[in-house]
Amino acid sequence: MNTLIVAGLLLVLLGLAYQMGWSKSRALATPQGVRVHSRSQYHGTLALLWTLVPAVLILAIWAFFSPGVTHWYAVSQIPADVLTSLDQIGLNQQLQRIRDLASGFGVAGEVQPFEVAAGENLGRFQLLSFLIMLAAAAGLGVLGLMLARRRISARLRARNEVERAVIVLLIACSAVAILTTVGIVASLVTEAFRFFTYVNPLDFFFGTVWAPKFSSTGAGDAGQYGLLPLLTGTLMISAIAMLVAVPVGLMTAIYLNQYAHRSVRKIVKPIIEILAGIPTIVYGFFALVTVGPFLRDFGNAIGLPISATSALTAGLVMGVMIIPFISSLSDDILNQVPRTLRDGAYGLGATQSETIRNVLLPAALPGIVGAFLLAVSRAIGETMIVVLAAGNAPILRGNPLEPVSTITVSIVNQLTGDTDFTGPQSLVAFALGLTLFIMTLCLNIVALYIVRRFREQYE
Amino acid sequence: MTDSTLASAAERRKLVRAGLTRRHAGERLFRAFGVIAICLALGFVALLFTDVLRKGIPAFTQSNIQLAVTFDPELLKVDAAPERSPGQSDADFRAARLGWERQVAMLNWNTVVEAALRNAAPEGFEIDSRQILTIAETDARHRVREIFVRDPALLGQTVTVDLLASANTDNWVKGNIDRNLADSQQQLSAPARALIDIFEENGTISQGFAWSLFSNVDSRSAPAAAGLLGALLGSMWMMLIVVILAVPIGVGSAIYLEEFAPKSRLTDLIEVNINNLAAVPSIVFGLLGAAVFINWFRLPLSAPLAGGLVLTLMTLPTIIIATRAALKGVSPALRQAALGMGASRTQMVFHHVLPVTFPSILTATIIGVAQALGETAPLLLIGMNAFVAAVPATPIDQATALPVQIYLWQGNENRNFFEPRTSAAIMVLLAFMITLNAVAIFLRSRLEKRA
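Line order of the protein sequences matches chains A and B.
Using my numbering, you'd call the opening residue of the first sequence number 1 and step up by one each time.
Using my numbering, you'd call the opening residue of the second sequence number 1 and step up by one each time.
Extracted from the complex, chain B is given alone in its bound form (with noise of 0.2 Å):
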């Protein structure tokens, strides 16, 4: 008996130590695992990232013409600008400088901003004038006629001005486009892009930073000249009004939930309502705002106030439920303090509890507000993908939003151009979100440390 279990027992030893080493190959192959799928999820950030980035750099800079521009008054046929004469009453004053402005606005100023390009060109370039005047982009002539309608002195004068090139010149410059395709194929004239390189050459073309992504709307004619302020605008009005009803109805429905309400079924619903509202499909909210705030309010197609009230309900759920897991977690000695010194449950909440809560509702609500920022489809459902080239003075006003303007630019045909452009626009909108994400740590380390 003994012999047996002795031999049984060596055999078992053994039988274990080849299972062992089974087993732990077994354990480096999941450990493994676990690093792989790491791995990819980071590199997936990481690969994010760069191709925004890698993609979105370029758009920053933008290829300008410096021009000297001459007013010539032979080409310039134009009255002196009316003088204001003494006893002149307001009114005539002005409708004598419309006429003016009107007669300036009819003239040919595309002659000026040609006169000026072949002046930059080398004596005896070949080029003809519609040919020329694709280097620059379309709307050079109404920033020509602006400058002359600000100071009309400059009659006959030449100054120099910084035009934007087009958009077919920047791909051109910063090599989007294949310089060994064949003519037909090309946006420019083959003069056009000699003449390009010429000016690149001699400087009259150079790269600079691209503050019209900043400092214009959109625009359909003049592509080298869309910009984001517009859309950013657009998206601040959305901002202030989610902040502005979102947080106050937000914090009051948890705390009503959570301090006053009586645990009944009408509570336990709206409690189970909230949870589920937090899970309802962004498109939805699309949908209601397109039934109900367009269709059955008649509230203004394409306003930031439809799209701000839809993203107020969408982002409502986030703060209730941060505000409500923040007013569970304040101690119940704070709570018996204030109640046994006499104050009402209501004077308990609101000086006592709800002061300690603030650096979680806070955060709440600027994550919320990033969500909030970045939610494209139910703006599409209210029009908010509108063409619009304007700055939206009120809330009422006609205006997209910074995704939405990323939506409209990846479909825009001048591919060459706009998918750096748009990569520029994801970069201005993901740092938004950093940035308030930032502020939102920040502030709760901050805050919290002081509580």
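Extracted from the complex, chain A is given alone in its bound form (with noise of 0.2 Å):
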């Protein structure tokens, strides 16, 4: 409601800059012909802008520090004998009964005469900040439309000024980019490292053992926290997925690329693409319900004991997810390719796949391997095809055949519907966050540089 009131004023106030801004202008360019060295919608919006920064100042620095300073009003309104009675979970609780009497929603069970008090006192004390606040807003807004107003002339150079503020816009714009790295690799470090505290780092990253209790169990048992059996069903599962992807993949972007009618090409690429574009909780849900019993059911016709949920199973609907990803990026690096370099092949007699194994894939392999190596970070990162088709049994053991668990898997399982950060049970998700993070991360820089290496050769 407050936030509407605010924003309806505001947008009033704004439209009123504009307007006068824009007519200010507009005057002083009737009589006898005076240059003014701007259009008049760029008065119109310097005013705006003037009104614009100082009220939304105001607005966030309310928006900052209101929540201490009432919470600071209504712990002054206790009663002290009552407040040194009162432990932390207490004084929460009698706050909320507070400002539940203060916004007249009301409380349960028997008021007493402070806490009415408090309320009324309270209340008061919040319409009269947001009042004060409200005023301060509208007037340094109105300040500064009245500072514009009076800087209108024909030789402001309004243009140059709006123009400043969109660049400033912009470069906020960019700014987000960057600090979501930081909130990335912030959110991640403190939290994991408030996770170190409990546990050492070289338990976390050589134990071989990963047993985390339920946070329910008390903080005395904080469970053993091993990254291995993860880290081995995380590489296992991916190179499952490559042993899928790389050669239906390349051989899907040679065909395409080298032997296919273009009208063959223009149907298929797109078909393949669309496994891109599918959800992964899809892929999740196809190798849950059909992959999984028709791999158990193959492993029981050959005699060959396979989990419905396993390393194979997530491993393969994984590395169809990853076909298109292979074939669509080598395909661009194979066009990449100088044609000189495959018609000398041809003139000295070599055959079509002779030129593509001998000279096209060499000349192509460090975009390729680039390629791959993003391939392979991507099914690192993957989540919801293990959550579902993994078997979630976080053990060392080699057997693709059985279920595994991967670093993807135990985040999403130690932190869904828990929030409350305090213990290791739920802070190592940021440990394995960072671990994921970090291994990703590597691979894209060096994946990167590699393509960027390679296409710079042909230059």
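Don't read these hints as lab results, they were simulated from the structure.
Watch out, some of these pointers could steer you wrong.
Only pairs whose alpha carbons sit at most 25 Å apart, straight line, appear in this in silico DMTMM-like list of lysine to aspartate or glutamate [as the list claims (entries may be wrong)]:
no., chain 1, residue 1, chain 2, residue 2
1, B, LYS263, A, GLU110
2, A, LYS269, B, GLU27
3, B, LYS328, A, GLU163
4, B, LYS328, A, GLU115
Chain A is nowhere near these chain B residues, computed Cβ spacing over 12 Å in every case [unchecked claim]:
no., residue
5, GLY156
6, ALA246
7, GLN371
Here the structure is a predicted model, which is why all the values come from computation and not from measurement.
We put the beta carbon where it would ideally sit given N, CA and C, even for glycine.
With the hints in hand, could you dock these two chains into one complex?
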């Protein structure tokens, strides 16, 4: 409600500001043909900016400080003798009661006289501080508008000033990407650091047992947090995925690039690329209800014990997901190999496949390795397929036919629905996330470096 | 000398001939590998889609029971609904009405449903009341009650009502359950199964399109009534947030980097940064959301607002990279012409360059939104997998999303019923994605022709 009032007020003020700036500028231009530096739209926009910026500053300051100030005031309203008898939880409950009284929401149970008084005071305080804030924001806005209006003259370079403001806005947009990275690194590092105050990093990185206890079993029993079972599971599934995706993806790219008729390529390529757009939860479900049972029955038929949810199931389906990734990247890279190389090989009498194997592929190899690394990084970070189809058995073993668990699965298990970041049970998700982030980051950087390096060869 | 070369030339020709067959065989083999690879990839696509379709299509029809429900005054001992007397205040009337509704809610509506079911059964059919009620969905009594509350004049009358059959009934009718299983392994009792067969024969139970799949929210107690509406709206809210935030920020960022940024260390850093962000695993964005948006900023848990923000950050790199590529593609002549006419750099960008790139930006946006629509993992970490049986009216209400709903349903223990339902939900999700992509392709081809 309050936000709506503020937004409405602000909009009215801004409309007014634009109108004032615009009309003043128009008025300037009419008499005796004065040349105005900027068009009136720019004057209007400038007035609008001069109004908007101070008002928004006040609003931001208020939004930042008001919860703290309100809290402090509410605490000061509780009589000293009551205050000393309350612990932290009791205090929070007491404050909530007072807040409910202040908002007119009402509370259950008997209301004590000091609560009524505190509630009334708090209500008055909140209303007053809101009004003061509103007055300050509006006042500063109007002040800014007045200043801007006074500045408007024929020689005012309004356009240049507006353009400078636009650039600042664009820089702010670019900063979001940086802030995102900073946010990722900061949140992962701080929370992982808190995790390492509970668990020795050596035990985490070299531990062979993954057995986090539930947080409900008490803080005394912290459980064991060995990364190795998860890491082997992750790598095993990624390896299986690559075994599926690389041959299929690469041969697809080669065939479409070198052999296929134009019309075939035009139809087949987008169909294969559909695979990249399918949500991973769909692959996960497909693996769980179709591929897994099929593999299990197939294993039964040939006398091999295959679990329905296993590294093999998840890896196979993940491989399918990665095929288009490998094939499109390889296709691009094959396209970049100069024609002259191929024509030279043909001139020497090589067949098409010999040219591809002995000339084209070696020339494109660095780029293909780069694509391969990008695909590995994608496989390592993939979540929903492994959550559904890998079986979630964090045990250190090398058999791909049995259930495994991965880093991403464990992150989901440890943090789902739990945002109480107090124990190692949920904080470990950030240590796992940090490991995952660093692994994929290294792979990506190396891959991008290789791809870029390779591209320069033929320029 | 000439002799020896002649001989060796003939030999050589022979050797080459022999080698040629081998090499041609190799050529054919290599080609065959290519064809096999393509067939495998296409086969996967076909398998995936036929599997989802085959499993999901049955879930779009649902068993309905058409019953003649009698609002028998004997069973429903309730006062007459309060009439508005002249001079009565609004509040008084509302209080009287609420009192009456409470009275109605307290009645045992199961008896009404049971009576209707018994009426439809053949004369003298032996079945106890608990068993007969398992045929209809557990929310049948609420449905019947709602009809009565809406029109209290129905007391003593009989109306025909379409009720949902229970999930177990639906499974039995559709043959998802082995009919030869022993009694102890069946979900429904023997008389109930027999009665369902009779109902099916005389047309009391019929199959209809499962509208409830789209008009209802998720439900735990009444699986047959569980629908996607809540998840659909949750996804819509998030898509809205993504479009409102990611597009202006992404385009702004791309414009700055491509058009204004000085070539410096900092802008290099931003560029590397954005490329890396595009490759960060989605679950890491979920961790960011959990730590920053939920834990530090205290945004509401399970709300589309937090989910939308996380998805916005994920979509940003896609939009920035695509927009930059589009800006790079604009011909320098256009820029020079604009500058030559005396436009400032800002005017050149916003009045001349940017409009030309609209088709590409639009396509990138739609593709980014489609990606965000299918994303599940980060949403699990910010609590969007909570069970929510309400339609989110604002972006800070608790909600779930379409892919998360799929995740929740696939884990439901009532497998026989929920496996088809999950596939149906997947079909809805895929339909959305395909529509979005088709729109992107259509718009691109259309706008590019015009530009």
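Which of the numbered hints above does this structure break? 1, 4, 6, 7
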